[in-house]
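Each chain, letter by letter, is given below.
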Amino acid sequence: MFESLGADEFADKRHSIDLAFLRQGITFNVYGDSQGTERIFPFDLVPRVIPAKEWEFLERGLVQRITALNLFLRDIYHEQKIVKDGVIPAFYILSAKHFRRECVNFNVPKDIYIHICGTDLIRGDDGAYMVLEDNGRCPSGVSYVLENRRAMKRSFPAMFESIGVRPVDDYPQELLKMLQYIAPPGVPDPTVVLLTPGVYNSAYFEHTYLARQMGIEIVEGRDLVVADARVFMRTTKGLQPVHVIYRRIEDDFLDPTVFRRDSMLGVPGLVNAYRAGHVSLANSIGTGIADDKVMYYFVPRMIKYYLGQEPLIPNVPTYLASEEADKKYILENLPKLVVKAANESGGYGMLMGPQASSKDIEIFRQRIEADPRNYIAQPMISLSRHPTHVEGAAFEGRHIDLRPYIICGEKTTVAPGGLTRVALRPGSLVVNSSQGGGSKDTWVLYGDE
Amino acid sequence: MLSRVANCLYWMSRYIERAENIARIVDVNLQLLLDLRNLNDERLAEHWMPIVLSTGDEKAFLELHIKATGQAVTEFLVFQPENSNSIVSSIGQARENARMVRDQISLEFWEELNRIYLFARSPEARKVWRRGPSDFFQQIKAASLHLSGISYATMLRNEGWWFSQAGKFLERADKTSRILDVRYQSLPERGLPKSISQTEALGWSAILRSCSAWDAYKSIHGADVHPRHVAEFLLFNEDFSRSTRFCVSELNSALRRISGVPSGRFCNEAEKLAGRLEAELQFSTVEEIFDQGLHCYLDQFQTKLNAIGSAAFDAYIFQDFGPEAGEMMIQQEEQQQQQGADS
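Chains A and B, in that order, are what the protein sequence lines are.
Be aware that the first sequence starts at 1, since it is given in my numbering, and climbs by one per residue.
Be aware that the second sequence starts at 1, since it is given in my numbering, and climbs by one per residue.
Rather than coming from a laboratory, the hints here were simulated on the basis of the structure.
Ideal Cβ positions, reconstructed from N, Cα and C, are used throughout, including at glycine.
Some hints here could point you the wrong way.
Among chain A residues calculated to face chain B with C-beta under 10 Å, some are [what the hints assert, rightly or not]: (1) 205; (2) 216; (3) 237.
Below, a list of computed lysine-lysine pairs in the DSBU-like style, where the Cα atoms sit at most 35 Å apart [stated by the list, open to error]: (4) 218/B / 304/B; (5) 411/A / 177/A; (6) 237/A / 304/B; (7) 237/A / 272/B; (8) 153/A / 177/A; (9) 141/B / 67/B; (10) 13/A / 127/B; (11) 13/A / 141/B; (12) 177/A / 97/A; (13) 328/A / 81/A; (14) 97/A / 336/A; (15) 53/A / 177/A.
A few chain A residues that don't get close to chain B, going by computed Cβ distances all over 12 Å [stated by the list, open to error]: (16) 7; (17) 9; (18) 94; (19) 130; (20) 329; (21) 359; (22) 363; (23) 379; (24) 396; (25) 397.
Just chain A, with the same shape it has in the complex (with noise of 0.2 Å):
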């Protein structure tokens, strides 16, 4: 469809977008750098398509998954069932980092504690789809979604009509209504606020977007204060009530006085007025456990055991260092996996065995035999590849990687598509914005074709 577009002409599109995505902020930043200097996310205008039955099958899988996950959470902050059934050993969730004992026993509101997940989705070699990890904390990258796909309509509107193309700007309100869906009991107009950890995070421009599109107000911790297990934020008319806090701060900052005693981006006492019922958290604390690697391995187990279903959507096959047989598989075999730091996030703490020179694979050696609790590892995936834009040549093949973006209120819907990422070196595998990746906007179609 885009063999009718001249290549100066597909040029300029490309070159407006980038300066109206630099002129409107849409931007990120990058750590390191003293000049606090913001980059855009790289875009590239030749989109993912997927068909509305192909859609449809990861709709259901991803619905059956944030569902187990979501049973799996307020069982092992309960009865841990799976447990004492012998399901997933006692020993990994003990030694599990984000488990909350302060959460043990605590009924969250309406039972729900991922309510926004984004699932990493690829496909390996044969097309089919895998999941590569759930991101049940503060996933980010939604705003792109939403201005990649404002972008791509403003340059091809053409296309859009006769395509078909499903929308996703109804995101904001269905992440709205979840947030007052979840409000303490006995609030008939509850006060929605989005918690930023502020200025300086990369996902800033997403929460004033996102605060923005929803018409709700986004503070930061020193906006707020706890009062007789209530809180309230300071406005010019004084302290206001707030009933609901869509939070981008994870647990370990949320409250000093009850998780790290320096944060200085929570809010004193905020646990306690959480636990009083007074005030709701999006996602709620200690769902750090289910993003755990190792937590990862058992998700198919989780959904069998719940749901009494088959897994639609598999996992990439894992192994556990923890377990003897596996972690000796690991060692032998370490230049052809991929180890994973049970607890990183962004593409940090990983070794990619294929491109790793012997010394990186030694320390990744002498880590996993230190803390075998702390890795995985899974044979490296060739991520599908898609045509895309490059510069000076005309489009090639990259690997690319899909995070949906599901909510689960009073139902569970997924945003049509999500987030396409695309690694823009050639040959790459990291799609990491922090690592040179890049995004596409992904179009599901009302039809097959």
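On the provided structure of chain A, position chain B as indicated by the hints.
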């Protein structure tokens, strides 16, 4: 409205206004030099130092520069990153404040502010500056005026709007008074000057042009430039949008729109002081001011404006959200960056 947000909107407008006014001051003074003859170092310093004084940053200036040469002063006022009130720094701070309240301002406003920010920091800005400072100042002034127009045309007239108006007019009143004070050394300490030289007349007309007041002034007083008329016009004119009276009146009504208290009454210190200052400007004459000494009067005027600013802060903001002590700031910044590094 969140107190922090109100504070950001207030400072965003102040910094935009500040950048524009500094551009005005430097531009007019560079042009003025073209009319002067027999310039030596001493006379240049005599010309430039009062301008540094008028921005209230002479201490910072003397730490960075030995002599008030044109080069040093313009660098200090236009680009110098160490000067937190230079044009480029002011635009940067306006933009940083805007970024914190991105959800409160229109897309068009943000785009324009972001555009001028990117321009001011680019090598292109230096290039334009070297080709001709006037073009450079033109761009800064145009951007500020453009922002003003965009905000009138696109922003909600909500509480945030009135905070930003309060910031804008407080800053403008302050800057107009400082511009008017630039030539005070040529005035007698008290009373009006008997006669003024042609050079001084040029100086006073430069003051008018700094405030975009030349045409408006001429329509009232003709081409005859006299300190008495200039001061009267810039202090008391009711209809000129950069006169101190006009600005204080706008500031006063912005404060009242925030609280809902009608004029003639007050519910906090800021309103009391603003109302009093407006009345004072309404019921004063320029003769009284020259009797007291213009410089002395303007000095007190600026102190009164500061008092209104800090009273408004106490009434609505409560806690200081400005830059914290270095180390805390860095730690906070690091923690902000650690969050959600999943993309």
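Tested hints:
Interface hint status for residue 205/A: upheld, as the beta-carbon distance to the closest one in chain B is roughly 8 Å, under 10 Å. Here the hint on residue 216/A is kept, as its CB sits about 9 Å from the closest CB of chain B, short of 10 Å. Annotation: interface hint on residue 237/A holds; nearest CB of chain B at approximately 8 Å, less than 10 Å. Between residue 218/B and residue 304/B the CA atoms are separated by roughly 30 Å; this keeps the pair inside 35 Å, and the hint holds.
The hinted pair formed by residue 411/A and residue 177/A meets the criterion: a straight-line CA distance of about 10 Å does not exceed 35 Å. Proposed proximity of residue 237/A and residue 304/B is supported: the alpha carbons are some 25 Å apart, at most 35 Å. Restraint check for residue 237/A and residue 272/B: the C-alpha separation of about 18 Å stays at or below 35 Å, so the hint holds. Of the pairs offered as hints, the one joining residue 153/A and residue 177/A holds, with about 26 Å between alpha carbons and a cut-off of 35 Å not exceeded.
For the proposed pair residue 141/B and residue 67/B, the alpha carbon gap of about 28 Å is at most 35 Å, so the pair holds. Between residue 13/A and residue 127/B the alpha-carbon distance is near 28 Å, which keeps this suggested pair within the 35 Å criterion. Pair hint residue 13/A plus residue 141/B holds up; C-alpha atoms about 31 Å apart against a cutoff of 35 Å. Straight-line distance between C-alpha atoms of residue 177/A and residue 97/A comes to about 32 Å, which keeps the hinted pair within the 35 Å bound.
For the hint pairing residue 328/A with residue 81/A, the CA-to-CA distance comes to about 31 Å; that is within 35 Å, so the pair holds. Our distance criterion of 35 Å between C-alpha atoms is met by residue 97/A and residue 336/A, whose separation comes to about 28 Å. Between the alpha carbons of residue 53/A and residue 177/A the distance comes to roughly 27 Å, so the proposed pair stays at or under 35 Å and holds. For residue 7/A, the condition that its CB be more than 12 Å from all CB atoms of chain B holds, with the nearest at approximately 28 Å.
Annotated as non-interface, residue 9/A keeps its C-beta farther than 12 Å from every C-beta of chain B; the closest such distance is 24 Å. Its beta-carbon lying about 25 Å from the closest one in chain B, residue 94/A satisfies the requirement of being farther than 12 Å from that chain. No Cβ of chain B comes within 12 Å of the Cβ of residue 130/A; the nearest lies about 18 Å off, and the non-interface call holds. At the 12 Å boundary, the C-beta of residue 329/A stays outside the reach of chain B, the nearest C-beta of that chain being 28 Å off.
The claim that residue 359/A lies off the interface holds: its Cβ sits roughly 25 Å from the closest Cβ of chain B, which is beyond the 12 Å cut-off. With a least beta-carbon separation of about 21 Å from chain B, residue 363/A lies farther than 12 Å from that chain, consistent with its non-interface assignment. Its beta-carbon lying about 22 Å from the closest one in chain B, residue 379/A satisfies the requirement of being farther than 12 Å from that chain. The Cβ of residue 396/A lies farther than 12 Å from every Cβ of chain B, with a closest approach of about 24 Å, so its non-interface assignment holds.
Non-interface call for residue 397/A relative to chain B: holds, since the shortest CB-CB distance, roughly 23 Å, exceeds 12 Å.
In summary, the structure agrees with every hint in the numbered list given earlier.
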